[in-house]
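A.B. asks: Each protein sequence line maps, in turn, to chains D and P. Going by my numbering, the first sequence opens with residue 5, and the numbers climb by one from there. Going by my numbering, the second sequence opens with residue 5, and the numbers climb by one from there.
Source of the hints: derived by calculation from the structure; they are not laboratory data. Check the hints yourself; a few may be wrong.
Put simply, identical chains are the same to the list, so a pair is met inside one copy or across any two.
[Unchecked claim] With a cut-off of at most 20 Å between alpha-carbon atoms, the simulated PhoX-like pairs for lysine-lysine come out as follows:
1) 118 <-> 34
2) 118 <-> 240
3) 101 <-> 70
4) 66 <-> 118
5) 170 <-> 240
6) 240 <-> 115
7) 115 <-> 70
8) 118 <-> 177
9) 167 <-> 118
10) 101 <-> 118
11) 34 <-> 240
12) 34 <-> 177
13) 34 <-> 170
14) 170 <-> 118
2 protein chains.
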Amino acid sequence: MKKDNNSVYGGHTSHEFNEDLASLNADFLKMGYMVRDQLTNAIAALMDGDGFRADEVRNNDKIVDKLELEIDDEAVRIIARRQPAAIDLRLVIAVMKMVADLERVGDEAKKIAKSALALSEEGQAPRGYVEVRHISNHVLEMLNDALDAFARLDSELALRVMKEDKIVDEEYKAATRSLLTFMMEDTRNISRCMSVMWVLRALERVGDHACNISEHVIFMVEGEDIRHTPVEDTEKLVGR
Amino acid sequence: MKKDNNSVYGGHTSHEFNEDLASLNADFLKMGYMVRDQLTNAIAALMDGDGFRADEVRNNDKIVDKLELEIDDEAVRIIARRQPAAIDLRLVIAVMKMVADLERVGDEAKKIAKSALALSEEGQAPRGYVEVRHISNHVLEMLNDALDAFARLDSELALRVMKEDKIVDEEYKAATRSLLTFMMEDTRNISRCMSVMWVLRALERVGDHACNISEHVIFMVEGEDIRHTPVEDTEKLVGR
Chain D
5 MKKDNNSVYG
15 GHTSHEFNED
25 LASLNADFLK
35 MGYMVRDQLT
45 NAIAALMDGD
55 GFRADEVRNN
65 DKIVDKLELE
75 IDDEAVRIIA
85 RRQPAAIDLR
95 LVIAVMKMVA
105 DLERVGDEAK
115 KIAKSALALS
125 EEGQAPRGYV
135 EVRHISNHVL
145 EMLNDALDAF
155 ARLDSELALR
165 VMKEDKIVDE
175 EYKAATRSLL
185 TFMMEDTRNI
195 SRCMSVMWVL
205 RALERVGDHA
215 CNISEHVIFM
225 VEGEDIRHTP
235 VEDTEKLVGR
Chain P
5 MKKDNNSVYG
15 GHTSHEFNED
25 LASLNADFLK
35 MGYMVRDQLT
45 NAIAALMDGD
55 GFRADEVRNN
65 DKIVDKLELE
75 IDDEAVRIIA
85 RRQPAAIDLR
95 LVIAVMKMVA
105 DLERVGDEAK
115 KIAKSALALS
125 EEGQAPRGYV
135 EVRHISNHVL
145 EMLNDALDAF
155 ARLDSELALR
165 VMKEDKIVDE
175 EYKAATRSLL
185 TFMMEDTRNI
195 SRCMSVMWVL
205 RALERVGDHA
215 CNISEHVIFM
225 VEGEDIRHTP
235 VEDTEKLVGR
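Based on the provided sequences and hints, a complete structural model is requested.
C.D. replies: Right under this line is the structure:
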């Protein structure tokens with residue numbers, strides 16, 4: 005259920021705590037959008053064989069790493085300073101956990117950029133790019149939605165992301181099967197197909213992280229930890 | 005540097021806090037050893053083509069997931085009840101972060117168990133098993149050492165784990181290269197080799213998680229966050 009920010013963030017320990025939390029959330033979103041851009045650029049570098057852009061993604065990963073440490077620090081300072089009650093505390097800790105997911109999405113973007121460099125040297129767009137484009141659009145949308153769900157505290161949107169992840173997993177399986185067939189047809193395809201395989205795997209992992217972020221958003225809104233809970237049960241909770 | 009537990013855990017907010025922390029750490033280790041056993045069993049299931057054992061690993065993953073939630077809960081309760089100062093707070097949060105790593109090692113063990121099932125149906129031990137055995141021994145040792153480093157607050161041992169990870173990365177690259185060659189020799193090898201490839205990737209990820217845990221141990225002992233810091237710089241810190 006979508007709740008307005010006041011009902012979730014309001015009525016907490018103190019006005020100061022709410023201000024701290026708003027600032028923490030803003031920084032989280034800033035990192036989130038940066039990581040999303042990293043992923044967009046990594047995919048574009050792959051598709052266009054653009055080594056320069058791939059290098060840029062690899063370099064920018066240091067900034068993402070730095071943001072992770074900064075937000076962690078900020079969260080610890082808020083807890084130490086405001087000593088929030090258990091429920092508020094969980095909100096701050098949820099942000100720290102989601103930051104770890106974002107950092108890993110950044111790592112996957114870096115891996116894709118590396119594969120983009122390797123593949124651009126091979127010339128000639130290999131098979132599997134159609135699938136890469138399709139799945140990357142899908143997980144980028146999931147990541148965007150997860151960030152939006154966080155920004156708007158929209159647990160229905162978060163639930164939708166979790167459902168999309170099941171579809172991405174199927175798409176991923178189909179894509180790897182088709183690449184496997186292509187490898188079997190001609191052994192000269194193997195090396196390039198393997199690079200594409202790793203890209204697909206990285207994208208599938210991004211979907212998982214978007215899903216993790218959504219789980220935390222649902223927890224923030226509904227107050228229940230739904231990690232490791234079947235989606236059907238979560239559906240009942242959110243639709244309540 | 006190895007420090008005795010008193011110098012790290014002593015002198016904190018309160019006697020009660022220290023007791024809570026000791027209990028949290030014990031639970032963390034319990035989960036750590038369970039995850040290590042899961043990994044050991046997954047590898048054994050793969051090597052022996054033992055589908056029964058592989059199924060057991062897949063089922064036990066639910067227990068690992070449950071432990072993660074329980075330890076997280078325990079950590080939040082400690083923070084809310086004891087309202088520790090920033091330095092103590094960081095110790096508790098470090099445990100929560102390490103628990104996330106352990107949970108992911110559990111996931112990798114589950115993935116390996118799945119591959120074990122797939123491969124056991126194919127009969128005939130495929131190429132790459134020598135490499136799998138070697139790398140799995142290596143990362144199991146790293147995971148063990150990371151847990152020991154945590155138990156004994158031994159930052160030198162933690163640093164050693166981080167250095168080992170570089171070696172595992174090289175071993176992993178060599179193993180995938182040799183599998184690639186084998187796939188090129190005969191297309192009938194491709195499908196089985198791909199399964200082994202995923203196992204190797206899972207093991208490489210376990211090495212990364214052991215490394216993450218070690219980074220947190222160094223932070224707990226030395227008081228400095230060394231995530232995203234080059235190993236050489238960490239070396240100076242620990243040797244200080």
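A.B. asks: Does each hint hold? Answer for all of them.
C.D. replies: Each hint, compared with the structure:
no.	hint	verdict
1	118 <-> 34	neither (24 Å within a copy, 38 Å between copies)
2	118 <-> 240	neither (42 Å within a copy, 30 Å between copies)
3	101 <-> 70	both (16 Å within a copy, 17 Å between copies)
4	66 <-> 118	within (15 Å within a copy, 35 Å between copies)
5	170 <-> 240	within (18 Å within a copy, 46 Å between copies)
6	240 <-> 115	neither (37 Å within a copy, 29 Å between copies)
7	115 <-> 70	within (18 Å within a copy, 31 Å between copies)
8	118 <-> 177	between (22 Å within a copy, 14 Å between copies)
9	167 <-> 118	neither (30 Å within a copy, 23 Å between copies)
10	101 <-> 118	neither (26 Å within a copy, 27 Å between copies)
11	34 <-> 240	neither (32 Å within a copy, 33 Å between copies)
12	34 <-> 177	neither (32 Å within a copy, 35 Å between copies)
13	34 <-> 170	neither (27 Å within a copy, 32 Å between copies)
14	170 <-> 118	between (27 Å within a copy, 18 Å between copies)
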